[in-house]
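Novice: The lines below spell out each chain.
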Amino acid sequence: MQKVLLLGDEAIAQGGIDAGMSGIFAYPGTPSTEITEYVISSREAKERGIKACWTANEKTAMEAALGMSYAGKRAMTCMKHVGLNVAADPFINSAITGANGGFIIVAADDPSMHSSQNEQDSRFFGKFAFIPILEPSNQQEAYDMVFYGFDFSEKYGIPVLIRITTRLAHSRAGVTRNESRQQNNIKQPANLRQFVLLPSIARKQYKDLLNKQKYFEEESENSPFNKYYEGEDKTKGIITTGIAYNYLMENFQDTKLPYPLLKISQYPVPVKMIKKLYDECDTIYVIEEGFPVVEELLRGILDNGKKISGRMDGGLPRDGELNPNSVARLLGMKAKDGREIPSVVTPRPPSLCIGCPHTDSVLALKEAISEYGKDRVFSDIGCYTLSALPPYEMINSCVDMGASITMAKGAYEAGIVPSVAVIGDSTFTHSGIAGLLDAVKDKSNITVFILDNETTAMTGGQPSAASGRLEDICKGIGVESEHIKIINPLKRNHEENVKIIKEELNYDGVSVIIPRRECIVTQSQKFREKSKSK
Amino acid sequence: MHSNAEPEIQRKIKKQIIMKKDIILAGVGGQGILSIAAAIGLAAVESGLYLKQAEVHGMSQRGGDVQSHLRLSDKEIFSDLIPRGRADMIISVEPMESLRYLPMLSEDGWLITNTKPFINISNYPSLESIISEIESLPQKIYLDADEIAVRLKSPKSANMVVLGAASPYLDIDFEKLEYAIKLLFGRKGEEVVNANINSLKAGREYADKQISKAKEQTTDV
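For the record, the sequence lines run as chains H and B.
Under the working numbering, think of the first position of the first sequence as 1245, with each following residue one higher.
Under the working numbering, think of the first position of the second sequence as 3, with each following residue one higher.
FYI, nobody ran anything at the bench for these hints, they're computed from the structure.
Note that this is a predicted model, so its numbers are computed, not measured.
It is possible that part of the hints are untrue.
Listed below are several chain B residues computed to face chain H (Cβ distance under 7 angstroms; list not exhaustive) [as the list claims (entries may be wrong)]:
#, residue
1, 55
2, 57
3, 60
4, 80
5, 101
6, 125
7, 127
8, 132
As a list, the in silico DMTMM-like pairs of lysine to aspartate or glutamate whose alpha-carbon atoms are at most 25 angstroms apart [stated by the list, open to error]:
#, chain 1, residue 1, chain 2, residue 2
9, B, 23, H, 1584
10, H, 1578, B, 110
11, B, 211, B, 137
12, H, 1578, B, 109
13, H, 1247, H, 1291
14, H, 1507, B, 78
15, B, 155, H, 1773
16, B, 77, H, 1474
17, H, 1580, B, 76
18, H, 1431, H, 1307
19, H, 1578, B, 78
20, B, 23, H, 1498
21, H, 1247, B, 76
22, B, 142, B, 218
Per the computed footprint, the stretches of chain H lying under chain B, defined by three or more beta-carbons under 8 angstroms from a beta-carbon of chain B, are [said to hold, decoys possible]:
#, region
23, 1266–1277
24, 1414–1426
Beta carbons are placed, not taken as given, at the ideal position from N, Cα and C, and that holds for glycine.
Only chain H is shown next, with the shape it has when bound in the complex (with noise of 0.2 angstroms):
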């Protein structure tokens, strides 16, 4: 087979498509989206019907799997990892339920938070649902685990996790393909108790996980990803998990390593190579992108054993991406420092694009909200989560998917009146409709701006799952039709479009404003596909 060319997120893909996967479920999130999009435009998975959904948030995405897997087929499901956080409830259970047909999930990290607002390391949470964790160190290796991951999953009945970071989903590689593998027959559970989680039964098949463990344990030690390099030189010993292997080589590529190396890409972790690397090598060199993960394992809570070093004795940044340079320093070796950036050089942070219309939005929003003051504007993760940088500074608060409305509501109940919640069209969907029905429920003062651009925009154009719905869903929770307000976000509107955001902002009770106005990137790339059709 030939080489291709694939970024880390592209090869998971196409190896879930040759290994006979069914479906993939997905909501978009940066580093993870190129996997569900490549399934999507990619012609193969087309002729074998393989589903490839983009679902209203993480949590349903997760289920959806779930469910095909319960069905007998191989389903993946892919996201970022705040959206493991979303997923949680249904991800740690499926470790009880356990799978039918193979099911893999798998999260993309984003150390040192290129576009993320946190770098939480997702291989705790594979530890914390007692589930096989794979970490590829390159793309040829991420191709070849979705294969081997449903083969685990369908051999021990588990869901397997594969974790990958910002680096490996984002940068391109050559991948061999392996022959492709038929998709499995619609093939119920046996055991038709085994997704019903009640006390009794899931008491049951929590100690079948636990039970398990032994055997991802034996797993772990003769994995092919978990590799044991034998060196002379024992005053060091090395460890590295996924693609700190990379940093590390990159630092070998005139001379051989001359210390014992122990590669760890599958997890629980390979205990007896461990304490093998541990015998044999003085100092042991704990190299991991994201957390402390393995180190922390390593030097307990007493941490009186050999010296150990890494992320948390200082050899290495404790927070951020590694690199191959703080891996040299980590060892010692010498690390060239390069220019420095001159002076001259200016930030340049991201910006709203020219003609945006969350622009308009936002302007019409800071007149109107001046004489009560821009301190009781809330919002969460969009495109629009920019608009706290100058020139608008306007907003106030970006926690997560939806918490807008509903801090804006705890911040009306705390006494500020009026309050403000400002969230896209598609993160209202994903988790704003369920804290807007808590404000109607309880007739809370806010002003809630949905702002509807008409697709998933900040992660490249995806649907949005309501549009054109958005005031049905609003009106269907009980928000009052008369304060349900769509304003065409334009410059030429700005005088009205201000004039509604008051009167709304001076009604005592939920209101909803929609400014609606396509994005104006997918609304220049639909001009061109139609202008080059023609």
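With chain H's structure known, arrange chain B on it following the hints.
Specialist: Then chain B, alone, in the frame of chain H:
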């Protein structure tokens, strides 16, 4: 025949010894650095090289600074990121952005950049101060790629002008780059392909002139 064979052997030896190119591509989100990366990438694969290319997706694409690490080698490549101080080249479609990645550039690395500023921040520095920083570097080529692209009546292909200007230092056959552009833009029709290839050639021409000028100067001394 003999006279042809010798450079071929030399080329092969040269390739065996030194084919490693670590390139930082720089610009502002939306300026088309990924097209440059894709063109070099396709040409590299066509030349039988290993490749790794790290991109920036997500929030920064909204008008923020973006960069891509592109690594080519005839040996297996490990890190997706280029180590600091080791990049052979910085190729930038924006002058201030070319300087942001100077810590990545090796002492004798090349900086090739467009001089047309992309101003979407209020405190953008003066162009003179940027150019003087670029001029202080030992190895650089800078050109107004936008002006050249406009002159060629394909204003959107300034990125290919920059790629053309970088091409003498890539150690990849120029024809392979042309071939890559054909693959990359083929879908958009012959007109777009030709516009991009003309821009590539114009950038190359500019660089060649600079190189021969520099040679004359050294022989003068």
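Novice: All the hints need checking, so say for each whether the structure fits it.
Specialist: Each hint tested on the structure:
1. Because the beta carbon of residue 55 (chain B) sits about 4 angstroms from the nearest beta carbon in chain H, less than 7 angstroms, this interface hint is met.
2. Here the hint on residue 57 (chain B) is kept, as its CB sits about 5 angstroms from the closest CB of chain H, short of 7 angstroms.
3. At about 3 angstroms, the closest approach between the beta carbon of residue 60 (chain B) and any beta carbon in chain H falls short of 7 angstroms, and the interface hint on this residue holds.
4. Interface restraint check for residue 80 (chain B): the shortest CB-CB distance to chain H comes to about 4 angstroms, inside 7 angstroms, so the restraint holds.
5. Here the hint on residue 101 (chain B) is kept, as its CB sits about 5 angstroms from the closest CB of chain H, short of 7 angstroms.
6. Restraint check, residue 125 (chain B) versus chain H: the minimum CB separation of about 5 angstroms is within 7 angstroms; hint holds.
7. Interface restraint check: residue 127 (chain B) against chain H, minimum CB-CB distance 4 angstroms, threshold 7 angstroms, status holds.
8. Using the Cβ-Cβ criterion of 7 angstroms, the hint placing residue 132 (chain B) at the interface with chain H is satisfied: the shortest such distance is roughly 6 angstroms.
9. Distance hint between residue 23 (chain B) and residue 1584 (chain H) is fulfilled; the C-alpha atoms sit about 22 angstroms from each other, no more than 25 angstroms.
10. A distance of roughly 19 angstroms separates the Cα atoms of residue 1578 (chain H) and residue 110 (chain B); the hinted pair therefore holds under the 25 angstroms criterion.
11. At most 25 angstroms may separate the alpha-carbon atoms for a hinted pair to count; residue 211 (chain B) and residue 137 (chain B) meet this at roughly 17 angstroms.
12. With a C-alpha separation of about 16 angstroms, the suggested pairing of residue 1578 (chain H) with residue 109 (chain B) holds against the 25 angstroms cut-off.
13. In summary, the hint linking residue 1247 (chain H) to residue 1291 (chain H) is supported, as the alpha carbons are separated by about 21 angstroms, within the 25 angstroms threshold.
14. For the proposed pair residue 1507 (chain H) and residue 78 (chain B), the alpha carbon gap of about 17 angstroms is at most 25 angstroms, so the pair holds.
15. For the proposed pair residue 155 (chain B) and residue 1773 (chain H), the alpha carbon gap of about 21 angstroms is at most 25 angstroms, so the pair holds.
16. At most 25 angstroms may separate the alpha-carbon atoms for a hinted pair to count; residue 77 (chain B) and residue 1474 (chain H) meet this at roughly 22 angstroms.
17. The suggested pairing of residue 1580 (chain H) with residue 76 (chain B) holds, with an alpha-carbon distance near 23 angstroms, which does not exceed 25 angstroms.
18. For the hint linking residue 1431 (chain H) to residue 1307 (chain H), the alpha-carbon distance of about 18 angstroms falls within 25 angstroms, and the restraint holds.
19. As the CA atoms of residue 1578 (chain H) and residue 78 (chain B) are separated by approximately 22 angstroms, the hinted pair is consistent with the 25 angstroms bound.
20. Restraint check for residue 23 (chain B) and residue 1498 (chain H): satisfied, since their Cα atoms lie roughly 16 angstroms apart, inside the 25 angstroms limit.
21. For the hint linking residue 1247 (chain H) to residue 76 (chain B), the alpha-carbon distance of about 15 angstroms falls within 25 angstroms, and the restraint holds.
22. This hinted pair checks out: residue 142 (chain B) and residue 218 (chain B) have alpha carbons roughly 17 angstroms apart, not beyond 25 angstroms.
23. Figure legend: the region 1266–1277 of chain H, annotated as covered by chain B; annotation consistent (3 residues with Cβ-Cβ distances under 8 angstroms, at least 3 required).
24. Counting residues of the region 1414–1426 of chain H whose CB lies closer than 8 angstroms to any CB of chain B gives 5, which reaches the minimum of 3, so the coverage claim holds.
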